[in-house]
Structures are given as C-alpha cells and as structure tokens.
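**Student:** Sequence:
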Amino acid sequence: MSVSLQKPNKEGRGIPAELLHRIFEILADEDEFTTLQACCLVARSWVSLCRCYLFENVELGPHYSRPYFMDSALRLVEVLNDNPSVIGCVRRLAFTEWPDDDLEDAGDFHCSLSDTASSTPVTRANSTLKSLTARVVTKFSLSRFKPCSELRTMELFALKVAPMDNQINTHSSLTFPNLTSLEVREVDNWSTYQNPTHETIFPALTSLILHDAAETFLQVSTLESLEVVFCYSGCDDEDERTAKLSQFIHNSRRNLTRLVLHIEAAETNEEPIARRISEILSPIQSCNVLRSLVLNVIDIFGDDVYVEDWLDEAYDTWEALGCTLGSPRGFPRLREVSISLEVACDDESLVTLYDILDDRGYPDFQTVFLDPFYRLIVRKDTKLEYREDSATGKNDSRRPPSSSQLCPRNYLQHNNVQRSDMVHVASQDIPCDSSYLSIFFHLPEVHTLEIRNSKEKHISYKAGDNPKGFGWQSFLDQYIAADKLTSRLLSTISNVPILAILSSPHLTTLNILNCHLSDTGSCIPSLYANRPNYALKHLTAQKISNLSLSLLGLCSNLQTVNLFVFTFAESGARDDIPSPFIFPSLTSLEIHFADGWDYFPTSADVTSKPGYDPQLSVISSLKISGIFEDLPLFCAAESLDLELNADDLGEEDCTRICQLVTVSQHHLTHIRINIVSEDDDAPISLQGIRDMLSVFEEGSVLTSSHISVSAVTDVGN
Numbered sequence: 001m002s003v004s005l006q007k008p009n010k011e012g013r014g015i016p017a018e019l020l021h022r023i024f025e026i027l028a029d030e031d032e033f034t035t036l037q038a039c040c041l042v043a044r045s046w047v048s049l050c051r052c053y054l055f056e057n058v059e060l061g062p063h064y065s066r067p068y069f070m071d072s073a074l075r076l077v078e079v080l081n082d083n084p085s086v087i088g089c090v091r092r093l094a095f096t097e098w099p100d101d102d103l104e105d106a107g108d109f110h111c112s113l114s115d116t117a118s119s120t121p122v123t124r125a126n127s128t129l130k131s132l133t134a135r136v137v138t139k140f141s142l143s144r145f146k147p148c149s150e151l152r153t154m155e156l157f158a159l160k161v162a163p164m165d166n167q168i169n170t171h172s173s174l175t176f177p178n179l180t181s182l183e184v185r186e187v188d189n190w191s192t193y194q195n196p197t198h199e200t201i202f203p204a205l206t207s208l209i210l211h212d213a214a215e216t217f218l219q220v221s222t223l224e225s226l227e228v229v230f231c232y233s234g235c236d237d238e239d240e241r242t243a244k245l246s247q248f249i250h251n252s253r254r255n256l257t258r259l260v261l262h263i264e265a266a267e268t269n270e271e272p273i274a275r276r277i278s279e280i281l282s283p284i285q286s287c288n289v290l291r292s293l294v295l296n297v298i299d300i301f302g303d304d305v306y307v308e309d310w311l312d313e314a315y316d317t318w319e320a321l322g323c324t325l326g327s328p329r330g331f332p333r334l335r336e337v338s339i340s341l342e343v344a345c346d347d348e349s350l351v352t353l354y355d356i357l358d359d360r361g362y363p364d365f366q367t368v369f370l371d372p373f374y375r376l377i378v379r380k381d382t383k384l385e386y387r388e389d390s391a392t393g394k395n396d397s398r399r400p401p402s403s404s405q406l407c408p409r410n411y412l413q414h415n416n417v418q419r420s421d422m423v424h425v426a427s428q429d430i431p432c433d434s435s436y437l438s439i440f441f442h443l444p445e446v447h448t449l450e451i452r453n454s455k456e457k458h459i460s461y462k463a464g465d466n467p468k469g470f471g472w473q474s475f476l477d478q479y480i481a482a483d484k485l486t487s488r489l490l491s492t493i494s495n496v497p498i499l500a501i502l503s504s505p506h507l508t509t510l511n512i513l514n515c516h517l518s519d520t521g522s523c524i525p526s527l528y529a530n531r532p533n534y535a536l537k538h539l540t541a542q543k544i545s546n547l548s549l550s551l552l553g554l555c556s557n558l559q560t561v562n563l564f565v566f567t568f569a570e571s572g573a574r575d576d577i578p579s580p581f582i583f584p585s586l587t588s589l590e591i592h593f594a595d596g597w598d599y600f601p602t603s604a605d606v607t608s609k610p611g612y613d614p615q616l617s618v619i620s621s622l623k624i625s626g627i628f629e630d631l632p633l634f635c636a637a638e639s640l641d642l643e644l645n646a647d648d649l650g651e652e653d654c655t656r657i658c659q660l661v662t663v664s665q666h667h668l669t670h671i672r673i674n675i676v677s678e679d680d681d682a683p684i685s686l687q688g689i690r691d692m693l694s695v696f697e698e699g700s701v702l703t704s705s706h707i708s709v710s711a712v713t714d715v716g717n
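If you count the sequence shown from 1, position 451 lands on 451 in UniProt numbering, and the numbers rise without skipping.
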C-alpha cells in the first residue's frame, strides 16, 4: 500500500500529515520502537518522516548495558553511510550511566579528522598550537597539523591513521621542528609514515613514550628519553617484536640517556622475562650513553609451572642481566638503576614459592635480588634502588595492597590491563572504524544534550584536572559554540563552566545534578554592570556546589526554579550589586533544604528597605521545605506549600514564614501546611501557625487551606 502525504489516494481519502506525525511520535516510545521501524516499509513517502522519530533521541552508554538506545545509536551509524542527511534528525543526545571506570585514560572526546571542509580551518587557525592531544580519532592525519610548526608536545591515543592518498601534500615536506615530547598508544596504520625520509618529521624529539610498539616506529636520532610499555603473551610474533624494539633502541643509542621499560609477561609466555630484557639491551652494550634505567616487571606464571624450576631459571636469567648491567664496559655511564619485580601466581604456587625461599635462606624477594645485582651494588658510581616487590595469588578473594604486597594481581589488572584495553572496553560492540564517537560531535540539529553519571565520583570538565585523564571539555565546548542547545543536563561533573553555559543564546532549560561549578565570584560585579540577558527559563539544581546567589539573580527570564539539597556559595561581591532580585516571569519556585540564603546580597533585598513597597513577582506556586531562616522575600505566591519540621522550627523561622504569607496576602488563594515531629515527648506548638494565619483576619482572597500535623513515633514503644 502506498500513501501520499501531499495528495489523497485514489479513493479520495488521505492521511493528514499532522495525524501521521502524532502516530509516529507515540510509536517512538521504547515499547513501540519495532512498530515504528516497520512503518518505514509501508510507503516510500513515510521513510523520511519515520527517520525523524527513529533518530530523534540518541543515547550512548557503556557497552555492557546495551539497552535499546544503544541499538538506535548503532543504527544511526549504519544509516549515515548511505544517508548523511539523517544526521539532522537528531534532536536530543544523552550520555547515560557513563561510569568513570570506563573512562580510564580516555582523555577528552575529540572529533574525527576526516577529509571534510569543516576540519581544515581548525588547523589553519592554530598555527601557534603548542600542545596536541588526539584520542579516539579516526582518519587521523599528521599532515593536517603541518601549519602547527610551534607544536612542543603531542599525545596520540587510539587513532586510525588515514591512508596515504588522503594525506595532504607529501610526507617529505612534513616536519615538526619544535616537537620535543611525543606519546603514542594504539595507533593503527602508523607505517603510513614509514619511508627513508621520515626521520625529519621529528628532528628535535627528545622524549618518547611508546605503548606496545608492535609496528615499526619512525626512526629518531635525537631521542634522549624513551619509555616503553610492552606485554609478552606467548604469541608467535614476539621474537619479531622484541627485535624491532631492540633495533629502535640501538638506532637511538647515541643520545639516549634514560630508558624506562614497563614489561608484563602473561601466563602463556614461556621465555624468562629477564632474558627478554637482555635481548632488548644487548645491541647497545658497550656503545651507549645510558645514565638511568628503570625496569618495572610483572611476571605471571600459570598453574602448570613447576615453581622450583621457574625460580631457578628466573634466578639465572636475572643474574645474567645483573652481570650485563653491572659491567662498566657494557654500560659505562650508567648511574641510576631502579628495578621493580612483581610476581603473580595461584595461591598454591604462592605457598610453595615462599617455602622454597625460606629453605634457601631468602626471607623475601628483595634479598633474592642481592646476588644477581651484586655487581651493581659494588659499583660506587651507580645507585641501585629496590622498590618493594611482591608475590601474589590470583584466587577469587581480592586483597587490598599492603606494606609487603604493594601491587597485588587484581590491582595490576585494574591499573594496567584496563588502561591498555580502554578503547575496546568503551566500544567493544561498536565499529570503531565508522568514526562512532566522532559522529556525535557534528549533530547540527541537536537541541537537547544530557550527560548522566550514576557514580558519585566526579568527572572533571578539563582532562588536566582529572588524574585519570578524562574530561568533557572538547565535547561540551563544541556544542556550546554551536549556539543551538535549548536544553542541557549535566551530572557529576566538576569545574562546570557555568558562565559559558548560561551565555548560550537559546538555552532555556538547565538541569545540574551533583556538580561543582567553576568559580564566578570575581566576575559578578562586571556581569551586573553589563546585565547579560541570559535566556534561561527553567533551572533545576540538585546537590551542587559553588553556585552563587548573585549569579542566580542575573537570570531574570526564569520561569521555573527547583533547588534541592545544597548550600549557596558566598560571593565576595554580595554588597556591590546595585539592583534588586526581580523575576518578572517566574511562575513556580520549589526549595527543598537549600541553605546559604544569608549570602543573599543585602542591596538586592527590596524588602529590607524601610518604607519601600516592593513590586514583587507574583508566582503561581511556591513550595518550601527544610530551611526558612534568612529566606529572601523576592516573590509573592498564589499557592503556598510548606513542609515544616516542628523539632527544628525556631522563632526566626516562624517570623520568616509569617513574612512570606504577608507579602502574598492579596494574591494567595491556596495554602497547604504539613507539620511533622519526630520527638515523641515534645508537644507540637501551633502558636507560630496561629500567628501566621492571623494575617488573613484583615482580609484575604484565600479560597482553600490544608493543615496537617503528624508525629513519627517509635513502633516499638
């Protein structure tokens, strides 16, 4: 059946477009989503209309939750391949239940650097850029940053390098003359830049951090510091990988003074780890300028390993390595050596291992080191540092680090394995090569943006403020600059740039939950001098910190305000505000245990001026519970709902409540008062309530009232 939206069918009966919109809007609900998909098959003319509702709301979350909204996001990625215009259907974008455990070392979200007209001006405008961080990026090209000749540091993480034919100009003209520090982790297709002339790309590079250097890396002759993270898991190509790393170190030997090796040997690795280290270092023996060497080694052996044989072989290989390092001819300039060895095994092997050590007269692993590294110890020109080693089991019961067990197996898994596999954890079921996350930087019609976090731990707005290296800055700034958002929800984020958010010209709804706002105290006087016309109409603030009352006074277009469980921040400019707090459009105000009203600017409280008859805003609904003392009188109400705790209700609270009723006397049509007491012995005094109601004796427009009194008693009594 074919149905046209423009013309009636042959029988003269068409389906009005308004009705179809309403039908599809209802079907867009989660329970009817499959039905909405089926509507695309009814008529060709329905396809574009259905897509508007299929992709109107897009939510992203961790791979393991994968509810229906993740399927919607994946569908969007697939449809975009053939229908790029569908990206304009997205109106609401939400990050839901995004725990900080999945953001380990994720850094800022960054957009895809695909070959589009929009990405080229970015690098042209940043010719003075000194630091580049590119994380979770597809179609990455160093050539796009060719104008950035002032780059000093570069961090490349989880990238897919663009093919050679997409690179700008030729590699022979690509160079970063001032780049001194580079970190590379999980970069695919790095060999794109590999040819005999590529050594000139980083002519001044002195510090390099490589994570699992599986591919041939660009040769650098100026390197002074090298840090490598390497994992041996028993794969067939490990000899080749070791040879590549060894060759790279050999090519850097003339200037390399500091070498750090983080090496983990998995259970499937059959080669002694110390022998691998010797293979890596052997090409530079007797021809190096190495001064500092750091070895962080994790050795894991499986259940089928005979412990005594493993210990004998490990001892022999470590002794050989000690002889190599201790030889003045092999490493004549070596001055500092730091070694950390951590051993992980099952509990049975752990007991056996300690029994063997005890039989041989070794109380711990630190003592075992004394013999293999004796030559380093007796070298007067060399400082040898032992960091506390550990031997740990891997049973199901997880044990926290202790003084003799600083880095147990499960702790290592969290800090090393998850970190190196972050991209796969965050997008395990998502095609990374489809620029999955990058797509959500360029949704031109998004009006609603939500970032929800179910964890209590805050995630920083800026990556540099977070020890785990993640921040929402790049992502949020992109949408702030777009000036199209009308609604925003932020949850569990620290250093939220509240002024930049409020300045969004179309932002009318803002929900901030469990966030810490950036400091605004020094800006308040200038803001009041210029009186910015913030468009915000609906505000919900819950469990937030560093929100200034003075800042709230600038939002004169507010219509609904909900404040829950927090304390306003003190503003140093509270007495410098020249104008009163007037909210002419306010219709609803709800306050639940919001404190800090004593920070209300005295010059802005119109009711504090003797003989002044304030022209207060008249709102439809005012709900207050918890704290009444110091509550400013900046509005009158038509409907008043009060939750009172008789145990905490003081004389000043009753006085303020009477004032609230008084200023609303000629507008108040409905009043509801609920009084609760948790003290069984203390009687509930209603004197304050009687005083409050006496206001209406002089005349009122009150049409309904409700007063309830309840005491919470102990059931056992």
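Keep in mind that the hints are not guaranteed to be accurate.
[What the hints assert, rightly or not] Label-pair distances were calculated between CB atoms; the ranges are:
hint: 1; residue 1: Ser-327; residue 2: Arg-360; range: 54 to 62 Å
hint: 2; residue 1: Ala-38; residue 2: Ala-500; range: 42 to 50 Å
hint: 3; residue 1: Pro-84; residue 2: Glu-271; range: 46 to 54 Å
Source of the hints: derived by calculation from the structure; they are not laboratory data.
Even for Gly, the Cβ is constructed at its ideal location relative to N, Cα and C.
**Student:** Now tell me if each hint is right for this structure.
**Tutor:** The hints, checked one at a time:
no., hint, in the structure
1, Ser-327 <-> Arg-360: 54 to 62 Å, "violated (26 Å)"
2, Ala-38 <-> Ala-500: 42 to 50 Å, "holds (43 Å)"
3, Pro-84 <-> Glu-271: 46 to 54 Å, "holds (50 Å)"
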